[in-house]
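Colleague: Sequences listed follow chains A and B, in order.
Going by this note's numbering, the first residue of the first sequence is number 5, and it counts up by one from there.
Going by this note's numbering, the first residue of the second sequence is number 43, and it counts up by one from there.
Source of the hints: derived by calculation from the structure; they are not laboratory data.
Errors might be hidden in some of the hints.
Said to hold, decoys possible - A short list of chain A residues far from chain B (calculated; beta carbon distances all over 12 Å):
no.: 1; residue: E24
no.: 2; residue: S70
no.: 3; residue: T183
Stated by the list, open to error - Partial list, derived from the structure: chain B residues whose beta carbon lies under 7 Å from chain A:
no.: 4; residue: Y156
no.: 5; residue: F167
no.: 6; residue: T169
no.: 7; residue: D171
no.: 8; residue: G172
no.: 9; residue: I174
no.: 10; residue: G175
no.: 11; residue: F176
no.: 12; residue: D179
These figures come from a predicted structure and were not determined experimentally.
For glycine and all other residues, C-beta sits at the position ideal for the given N, C-alpha and C.
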Amino acid sequence: MAFFEARNLHKRFGSRVVLENVSLSFEQGQVSGIMGPNGAGKTTCFHVLTGLHKPDRGEIELQGVSIAGLPPQRIARMGVSRSFQIMNLFDDSVVIENVMLALPEFRARRLNVFGGVFDDKALVEAATDILDQVGLAARAWEKATSLSYGERRALEIGVALAARPKILFLDEPTSGLGTEATRRLASLIRQLRERYTIVMIEHDMRFLFDLADRISVIHWGQVIAEGTPAELQANKWVRRSALGEATLA
Amino acid sequence: MAPMLEVDGLTKVYKRGWPAAKETFRLEADFRIEEPGIVGMMGPNGSGKTTLFELITGSNTPTAGRVLVRGRDIHGVRTDERDRLAIHYHQSYQVRHFRSLYPNALLERAGSDYPLVHLFDEPQFNTQDGYIGFMLDFFRRLRGEGRLVFLCVHPNERFHLEILEEICERFIFVQKGTVTPIADFAGLVAHEPCRAYLGDLLAERAA
Numbered sequence: 005m006a007f008f009e010a011r012n013l014h015k016r017f018g019s020r021v022v023l024e025n026v027s028l029s030f031e032q033g034q035v036s037g038i039m040g041p042n043g044a045g046k047t048t049c050f051h052v053l054t055g056l057h058k059p060d061r062g063e064i065e066l067q068g069v070s071i072a073g074l075p076p077q078r079i080a081r082m083g084v085s086r087s088f089q090i091m092n093l094f095d096d097s098v099v100i101e102n103v104m105l106a107l108p109e110f111r112a113r114r115l116n117v118f119g120g121v122f123d124d125k126a127l128v129e130a131a132t133d134i135l136d137q138v139g140l141a142a143r144a145w146e147k148a149t150s151l152s153y154g155e156r157r158a159l160e161i162g163v164a165l166a167a168r169p170k171i172l173f174l175d176e177p178t179s180g181l182g183t184e185a186t187r188r189l190a191s192l193i194r195q196l197r198e199r200y201t202i203v204m205i206e207h208d209m210r211f212l213f214d215l216a217d218r219i220s221v222i223h224w225g226q227v228i229a230e231g232t233p234a235e236l237q238a239n240k241w242v243r244r245s246a247l248g249e250a251t252l253a
Numbered sequence: 043m044a045p046m047l048e049v050d051g052l053t054k055v056y057k058r059g060w061p062a063a064k065e066t067f068r069l070e071a072d073f074r075i076e077e078p079g080i081v082g083m084m085g086p087n088g089s090g091k092t093t094l095f096e097l098i099t100g101s102n103t104p105t106a107g108r109v110l111v112r113g114r115d116i117h118g119v120r121t122d123e124r125d126r127l128a129i130h131y132h133q134s135y136q137v138r139h140f141r142s143l144y145p146n147a148l149l150e151r152a153g154s155d156y157p158l159v160h161l162f163d164e165p166q167f168n169t170q171d172g173y174i175g176f177m178l179d180f181f182r183r184l185r186g187e188g189r190l191v192f193l194c195v196h197p198n199e200r201f202h203l204e205i206l207e208e209i210c211e212r213f214i215f216v217q218k219g220t221v222t223p224i225a226d227f228a229g230l231v232a233h234e235p236c237r238a239y240l241g242d243l244l245a246e247r248a249a
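Given these sequences and hints, build the entire structure.
Modeller: What follows is the structure, given as structure tokens:
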């Protein structure tokens, strides 16, 4: 049994089938990729896997424990963390505060709203450790708005990591990033893979072929192909594509 | 076993005008496909390809005739379960609303969990990304699992014909509402209306 496993997921919105018999499995310590053209159902698939939408049918298990149909916050607390395609940050806050708010220790403070959060040494340390993991420790006390687009993406990953996930889902982490920022993000993900199990949706096939251990291709709400990057790249039409040429060169 | 798909005397007539309604479009189809396979479909814009797909999937009501999927009349199946028999993958995000004269309670169950017939309406084929290869493998997988695949392509580049030749065992050519089944690729490119439709693309291919 895989670390995270989804079997025969179905989802429809009205008369439109958005997920049809989707089965996916993600192994611990690996980077798994999901790719597919626009409108293929990738994000809906993420929403279902992380509990934002309930599947109409099918099973989802994290380490053998069923999570299908549980509320998203419950799934999050069980160790499933995610980022969104559209960034969700508190712009008026400083960088470290964004991470602090997402720490389980912060939630545990609950009633202690009067004690200043920044005086809570343990909390600050925990958040600094996370920022260090995403390469933003030096920017901890700057306004979130002062970050570049690529840094904001890294901070968003930091916010997802603050929940201390067992598995991290990233929805199109490269979207909107330029070449240099994409390169930096790739090296961040290479560092994170030592500590986390990662699943990412990506539009940028080159990025995914470079980083993922296994890739599932989704189209028409179904898994139409699966394999290691090498297996997928062996396909005649992939070799013929612009991507194939670039990879072989 | 009943044939995979039987299109039996299927007719769709569109009329317009009042008081004397004039026929504006007529689609007629009559063919059967016994076994699982991949069928290529082609024809000029407005010839009735999508209408035929809609009639086969039961989202459009025929004027006359029947569509049987493994012996089951799709127009007699609950509207919310018709896509368990035959599913239409649309060109874009359009959604057809299924209508029936009868409430679902009076209609049959589909009796299938995963569609038996898959109709792909002009999937985006471009050579930039390589998704073509994954799509073709998917069509082959469906056929291997005993399903029938229709692939409607509007060829405007040479490799579109290569795709059809590579993957389809038989063809259907649609023109001005006339549906012509064709046994193989050689027959398709020899079919005069199809030659006229493909025009330069065939010349390029020969070159």
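Colleague: To test your reading of the hints: which numbers does this structure violate?
Modeller: 1, 5
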